[in-house]
Amino acid sequence: MANIGSFTTLDDGFTGTLRTLTLQTKVAIVPNDKSSPNAPDYRILAADGYDIGAAWKKLSQAERPYLSVSLDDPAFPATVYARLLENDDGTHVLLWSRNKAE
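Residue numbers for the sequence shown follow my numbering, so the first one is 12 and each next one is one higher.
Incorrect hints may appear among the rest.
As the list claims (entries may be wrong) - Cut-off 27 angstroms, straight-line C-alpha distance, at most; resulting in silico cross-link-like pairs (DSSO-like, lysine-lysine):
| # | residue 1 | residue 2 |
| --- | --- | --- |
| 1 | Lys69 | Lys45 |
| 2 | Lys68 | Lys45 |
| 3 | Lys69 | Lys37 |
| 4 | Lys68 | Lys37 |
What the hints assert, rightly or not - Label-pair ranges, simulated between beta-carbon atoms:
| # | residue 1 | residue 2 | range |
| --- | --- | --- | --- |
| 5 | Glu74 | Leu32 | 26 to 36 angstroms |
| 6 | Ala73 | Gln35 | 30 to 40 angstroms |
| 7 | Pro88 | Asp23 | 24 to 34 angstroms |
| 8 | Val41 | Thr102 | 10 to 20 angstroms |
| 9 | Asp83 | Pro48 | 28 to 38 angstroms |
| 10 | Asp100 | Pro48 | 31 to 41 angstroms |
| 11 | Pro88 | Asp62 | 13 to 23 angstroms |
| 12 | Asp22 | Ala89 | 31 to 41 angstroms |
| 13 | Ser71 | Lys45 | 17 to 27 angstroms |
| 14 | Ala13 | Pro48 | 25 to 35 angstroms |
Everything labelled a hint here was simulated from the structure, so no lab data went into it.
Just so you know, even glycine gets a beta-carbon here, dropped at the ideal spot from N, CA and C.
Construct all of the structure, not just a fragment, from the sequences and the given hints.
Shown next as structure tokens:
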């Protein structure tokens, strides 16, 4: 997995920067008003306010919480799947995966 972002915690979400070889943008991960049990827990918004993804709360096999992230944009060749994980210092990293994050 490759690190494609660094984030800090807000009262009700996260803020940070998404970085790839072709993209660098500020993003906010904000709570979503869940309309159904399968709806995402968070929406992911680019700095200009465009919705570029969603995230679901998950628990790892080691009982460690993380967010399963799905990012998409017409400029992307395919959906980007990632995991938002907390570091020991309280910051968060967004780790990209070629496969869907479960």
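For this session: Starting from the hint list further up, note which numbers the structure goes against and sort them upward.
Result: 9
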